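K.L.:
One letter stands for each residue in the lines below.
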Amino acid sequence: MTDYVIEAKGLSKRFGDFQALNGVDFKVPLGRILGVIGANGAGKTTMLNAVLGLSSYDGELSVLGLDPSKDRDALMQDVCFIADVATLPKWMKVVEVLDYVEAVHPRFNRAKAMDFLSRTKVPLDRKVRALSKGMTVQVHLAVVMSIDAKLLVLDEPTLGLDIIFRKQFYQSLLEEYFDEERTVIITTHQVEEVEHILSDVMFIQDGNIVLESDMDELTQQFIEVMVSPGKEEEAMKLGPIAKGSTFGKSTCVYKNIDRETLAKLGETRRLGLADIFVATMTGEA
Amino acid sequence: MNTFTALIKREILDGMNGYIRVPAILAALSVFLVIVSTIGFGATIEFDGVFDRHPEVSNLGEAVEMAANSNKGEHELPAAVTLSYWVMGGISWVALPFVIFFSLLSSLYEERRDRSILFWKSMPVADWQEVLAKLVTPVLVAPLVFLGVAVAAQLLIAFFLSIVVLFQGGPVLEMWPLATMLGTWAVFVTQYAVSTLWVLPLLAWVLFVSSYASRLPFMWAVLPPAVIAAVEGILFETTRFLEWFGVHLGGWQAYAYHDLNPDIDGPRDFLNLVFGGVQMEGLTYTLSSGQFWLGLVIAGGFVYGAIEMRKRAI
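Taken in order, these protein sequences are the chains called D and G. Position one of the first sequence corresponds to residue 1 (the working numbering), numbered consecutively onward. Position one of the second sequence corresponds to residue 1 (the working numbering), numbered consecutively onward.
If we strip away everything but chain D, and leave its shape as in the complex, we get (with noise of 0.2 angstroms):
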């Protein structure tokens, strides 16, 4: 048995003449919340797609040991997936879904379902068709952790909600869900919502893996330096790999360079997800 959840060696697709993904190689190892971040139409579905065996793929993928592309029924035994807001079937109702997963799934606790959609205000005898979009999510939240799964995939599970329920949503996924035996995997434009309960974090560009890390050394990788008057020479030298000015002064984004050089130059901190992978975007591009 493999110890990790995914193994890609040059992961392409091709959609006629554009290279969606461009031959990636990663590893997703077990217990971690890795966050898949890029621009529209950088390839993050694409691949997440080809993991979940929903598309076809040149390269070698494994999927908890499986080849996602031949045995996606085998798969989706240990892999749950929320592709996208509102793929639950309108027509049914809430407790028809229950019916229907109990009925197919051999890992699905209804009990546990239940229970989560119990603290929830979701009737159980309406129609998806007539549940709010927050509501809907909830539902599907409710099915997915009730799986006993090893791999977890959520592309944009939250867009177009309200804020309240996209922190509840991550809340009791990293409160009720996840632990050392299962790994969630999350993409989203909303960087700030997540990067508090990421434990990995990938960033793709153009088809390309740009970079691949532990959150916490990322962190510390990058910092922001609101330089002192007259300290912009200096700022320059070290290379920082952006720039720009903030309430009259420049700041200077480094990577890896020491905070205590940088602390000479002015005012540092730490940066956020999104700046970082903005930084790294238009920066090193």
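Note that these hints are calculated values from the structure, not bench results. Note that the structure is a prediction, hence the values are computed from the model and not measured. Mixed in with the good hints there might be a few duds.
[As the list claims (entries may be wrong)] Which chain D residues face chain G? A few, computed with CB under 10 angstroms, are given here: (1) ASN49; (2) LEU54; (3) GLN77; (4) ILE82; (5) ALA86; (6) TRP91; (7) MET92; (8) GLU96; (9) VAL97; (10) ALA103; (11) HIS105; (12) ARG107; (13) VAL153.
For glycine and all other residues, C-beta sits at the position ideal for the given N, C-alpha and C.
Starting from the structure of chain D, add chain G where the hints point.
P.N.:
Same frame as chain D, now just chain G:
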């Protein structure tokens, strides 16, 4: 098997209107029409000069009694009663072809359109099972539901007419030729099974269309066959494709039964033919027909194509 049962159950839930409500409403309508035409118009209760040859018969009870006591009627009555129940409950069936066609047409199309396919695919269910459930439900389960509903309608009609006959002092038991009724229900099942295997290439085509059409599945289902027929007509001035189509749609029966003795004298002869001759002739003709087997191969190809499309669909 548990998974497949759950899939069938899901399909029935999804198509609740076509599979349950429509036949139930139509069956209720047929019972209602029988009741209204019996009570409302009074024609069944009071025959007024309907039977010129038998002026002594003035209502249904007396008519049944007379038939039961006559020499010929004794043999004909069970068949006649059974057939009249089929005719009176006939409306129940009119929607079945539409239900089958449109269920197949939307089966693999709607799930892509409303994106629920992403939910279905997150479950440990193989694509071939999904496609098979979407074929089996309209083609096998729906007719059985329709039959169940039609049987219920026939029983209700029999029950109602029994009350009428009872009040009119007629022989109520004659209204319940159960063995004959049961026989016709069983024959329906076998006859339907054979007809379905014949029409399977056309049904599988509709399923296949549903798996690939990105929009306008109805056009995709109807236009290509129409174009093939038209092109053939213009280029070769023949109608082979249409003939092939017609044979699978039911035309095979004309070939299968053309040796049968059409000398039918009364409802009993007819039912005897249905029970015996038609069954045997139909089966023999079918099993020895090359076109039948080729049709099954084509159907298999379309189903295989639908499964492959389902694997790739998001």
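K.L.:
Please list, smallest to largest, the hint numbers that this structure does not respect.
P.N.:
Result: no hint breaks.
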